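Undergrad: With chain A held as given, fit chain B onto it using these hints.
Those sequence lines, one after another, are chains A and B. Residue 450 in UniProt numbering sits at position 450 of the first sequence, with consecutive numbering throughout. Residue 156 in UniProt numbering sits at position 156 of the second sequence, with consecutive numbering throughout.
Simulated from the structure, these hints should not be mistaken for laboratory data. If you're wondering where the values come from, they're calculated on a predicted model, not measured in any experiment. A couple of the hints might just be wrong.
[Claimed, not checked] Stretch by stretch, here's where chain A covers chain B in the computed footprint (C-beta under 8 Å, at least three residues):
#, segment
1, 163 to 173
2, 222 to 232
[Unchecked claim] Taking lysine to any residue pairs in the SDA-like style, the calculated list, with each CA pair at most 25 Å apart, reads:
#, chain 1, residue 1, chain 2, residue 2
3, B, Lys270, A, Met471
4, B, Lys273, A, Arg465
5, B, Lys273, A, Lys830
6, B, Lys273, A, Cys540
7, A, Lys561, B, Leu196
8, B, Lys273, A, Asn717
9, B, Lys270, A, Cys463
10, A, Lys830, B, Val176
11, A, Lys539, B, Ile230
12, A, Lys561, B, Ile230
13, B, Lys273, A, Leu543
14, A, Lys539, A, Ser710
15, A, Lys561, B, Leu234
16, A, Lys561, B, Asp237
17, B, Lys273, A, Met716
18, A, Lys561, B, Ala208
19, A, Lys830, B, Asp237
20, A, Lys561, B, Pro231
21, A, Lys539, B, Ala208
22, B, Lys273, A, Ile500
[Claimed, not checked] Here are some of the chain A residues that sit facing chain B, going by a computed Cβ distance under 7 Å:
#, residue
23, Arg148
24, Ser488
25, Glu492
26, Gln495
27, Trp499
28, Ser502
29, Ile510
30, Gln513
31, Ala546
Note that beta-carbon positions come from the ideal geometry of N, C-alpha and C, so glycine has one too.
Listed here are the chains, written in short residue letters.
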Amino acid sequence: MAGFSSWTTVVANLLVPVGILTFSSGFFPYKPLIPGLATFDQTGENTTAPAVFDKVIFMVVDALRSDFVYSNDSGFLFTQSLIRSGAALPFTAHASAPTVTMPRLKAITTGSVPSFLDVILNIAESDTTSTLAYQDTWLAQLKATGGRLVMYGDDTWLKLFPGMFDRADGTTSFFVSDFTEVDHNVTRHVPNELAQDDWSAFIMHYLGLDHIGHKAGPKSPFMIPKQHEMDSVVTEIYTAMRQQDHLQSTLFVLCGDHGMNEAGNHGGSSAGETSPALLFMSPKFEALGGRRESPMEPSDDMQYYRTVEQADIAPTLAGLLGIPIPLNSLGVFIPDFLEMWDHGSHRLQILYQNAEQLLNTLTTTFPVATFGPDGTTSCASGVLSGIEEAQCAWTRVQQLLSTRDEGDDSYATAGPALLQFLRIAQEVMSRTASNYDVSRLTLGLLITGVAGLLVLPATYKECTRHGSSGMFLMLMIITCGMMMFASSYVEEEQQFWYWICSGWMVYLHIKSQSQSQSQSSAKTTLRNRFGSLIYWSDKCIILVLAITQRLLRRWNQTGQKFAAEPDIARTFFTRHPEIFWGLLILTYVDAGRHLLRSIPIIRILKLGALAPAVLAFTFKLHFVTSESPELLDGTFISQIMKEWPYSLSLVLHARLVFCGLALVVLLALFGKRSRVPRGHDTFHEALHIFLMTQSRATNVPLFLLFRIQSGILSSMNLTGIEVTITTLIFQYMTFFAFGGSNAISSVDLASGYNGIDSYSVVLVGVLTFASNWAGPIWWASQSHRLRPKKPEQDPSALLTFHVAMSLISVMAACTALRTHLFIWTVFSPKYLYSMAWATANHVAVNLLGEVIFSRSRS
Amino acid sequence: MAPDTSSASGASPLTPPAPDDKPSAPPVNILPSLIARIYSIAHPALLLALGATRFEAVVADPTKELLSTLPWLTLVQIFYVIVCLPPAGSTPSTETSASAPADGRSSPRSSGPGGAVRHGKHGKRKQHANSWACIWSRLLPALLSLSLTFALATPVLTILLVLFGAPLTTHNSETVLCAAHMAVLSATALTYAHGLDRAVWNEVWGIARPADAVWGSALGTGLGAWFGAIPIPLDWDRPWQAFPITILVGAYIGHAVGSLLARTPLVYGKRVKFTVEEVSETEKKTN
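Chain A with its partners taken away, still in its complex shape:
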């Protein structure tokens, strides 16, 4: 290990992943689940309530926010007419964070509140440990009664329920730019399935609306036509339900799994993201006489009609279909549907089953609490909280039920008490949905702390040796660590890095000025005309750096508070596409020029080296044409692209680019081993083009800015530690400038499949990391070029110390604030990002680069 100053750094870097693993195992626990399937109590004298429906058509429209269906400018005109006639019962189903598809589907089918771990598993699609094959769901219950299930749409269902469906056709949700084909794939099966009568559940999951949201936001011009399309599917199904005999007693559910925010993303807990629509439709509901106004104005932010929990879908479906409620459900039967039964005893039965099932989960979670007729908890005493309140409510239910008379009015007395108990139990359970293993959290913290302590002596020595810059680094690490305890600073972390970067530039400016001051006194005699030019460029070069940093800062608005404000990538470039294309072409020309220059081979072969650059440029054009054609509108590029002969597929095109770049690097490494720094230059230029390929098209011109910045920085003759601090700040700053943030929703998945036609965890992981961490990777490579020729300082210890300290602060924040309201929406995503920073960026990019280049240097 030539790159490491001592064994302590090596040990520290081995300890960091161990600490992360230990902490994660305590922070993301698998919840205790009750195994097996629920069954009706056979011994009970109570007869179960008869099923109202025997089939269900379950139509999920991904990211169907409540206002897409209910508001005035909705495309769901037929659905709204059903709401007016009373045939559709509308709700807003509250989806708790994380608002991504897989956890939401788990909530819908099991009725439970999924753990945060499901978010990671949602991205690592191929994972099979998260399946619901062995959990109790309403699908499993239907299957257990001998029903057949069919499924069309998002293949997340197929992964969640392997082998559950008798007929299925899955579509993958990762090709986000596809608006039409992905839905057509579902719709084409609908007439056929409506004609069949063998299924008891027909599930559809439409992805197109979510894709439109991700690409162009909820106000996209594609949105209303897509809503019309979805509405026509509703029309087709509802008409079939009216006309066909075998669909006479079918329940039709239309719902969104989550909503979207104003940018079209989801994952967090804003009102838009947590408020999907939920409708139950059947001609039978008209008898209830519940005619409602539609379209209408929301009562609150995105809240239309009655707001229910998404978990309530499972017990409601179970009740209406006459199947047992899934064992781990935390849902409450939606009381509006109680009127479907004429007998009060049936209604009571539905609620009582729900209550018994919730009580079962309560006693599993709180083994010490006693529930029963003898549990005479002091209900009278003041304010009760949590489990005591649930005990008290249950006691009241028991009293009411034991004193009831024979007859229908028992529902009138005990019903409200039962509902109250259900709501309290639901609240208690969802609050304690995850239990932390505090000892493991502490152990993880300790291990990371030891890693930090191990590199502390080396870091301290470095920092005291370099005085002011060492002090700056220490202050930066401390303030950054303190910020991790404030949710809004975690959300707006980019502001810190922009802020600290401006401070660091002032530092660099003062230092370079004092240097030039001392130098200028020495060579005043050399001053001439050009001297004054140099003099002024010396003085004002920092302004250019500041301007580029300011541009970087406004390139992508990110975070929470200012995310919707205009920026360069989304607002300016869509208004001025010709400027965007000019910059893009300029960036590629610059990249090609540098690549050409850095290749140490003879003239004629050199032109061959241009091929990867040209290929990369055409790939980007190709990609933009298929992914975001709105950038092409009305530019000269669109004229060219019309004429362009497409013979290559995107996958093959990307592979050609990658192979070309790999070939260039191999040539540089083995072709002529004469000059070693040349090898790094070639590698850096190839990496430059690779990262451009992996970045969003609107971010590509940033690489031109990087070029300018690194030019200025290298003219400043930075010392070793200054290079380390500069690249550290720039790594974090550019991560956010590329549009990254500490929210799960900002992970950019569009470029993760470049050159790949099937899912592979490793390849997709590497490509996704490269596209999200493009800025940090670039600066890690650039740092080796900025270093002074004589390596006076080894940055591994400093970098390790920084990573350990930031991990410790995030872990400590997660431990201390584990009951905080924002723990799952702000702090846990930050912890996930810290994991990526510490493992992938620190170990794989920074340290590996250090090892390779210090070896090649020596």
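TA: Only chain B this time, still in chain A's reference frame:
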């Protein structure tokens, strides 16, 4: 935000690029008169108090309030520099006629570093004797510094504010007014005390002036404005978190702290100096 650097680049285009061989001006001292000594301490407190009383109004309507308080702030600053600071030698005619006998002693930016500032009782007596000319000799540099503050320092500070993150497409009036306030706080005293001394402005641009009341307040304004950006991202949703307010509050506090702190013996005359080079150099030798 580091606006102090601004005033430098604002002034620099005026001065032709010529070798700056002469030693730069020594730190500026407050005038020795009793009024000057008392008021120089009361002035930062007065500014803070005035700022505090207008805070609510600034939160309610930043543009209007910043505009209407700007003349008053300018008046207070002019009063401060006239009462407390020695004027620059850039207006020699009036100054020499007014205080010729006391020259060398009372005019601070005179020749060598020795001429710094031990004001005796002469200066005080002279000022009383020829008070009208004396006031004129102060008013002229004050007006000059005022015009420089608004014509040069404000635009430069505006640019710097934007470079340090102020919005460019919106809030333009707020940014300009914020820059104007900061310019009045920092640049008025600098231009009054130093005029267009090239060496001084070079030092200001390089943030290398020795600490004194003038430079301390300018540097404090900039640093304070930089730290003033901290509360903006918090999700408290308070009206005072809007763009220029925290920056300005930071600048005012920084101005007060800086001008007082820089006069304490501990800091006075010292320069912002980074110890990177020397230490690493010696380390390399020992290695």
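Undergrad: Which hints, by number, does the structure contradict?
TA: 5, 7, 10, 11, 18 and 23
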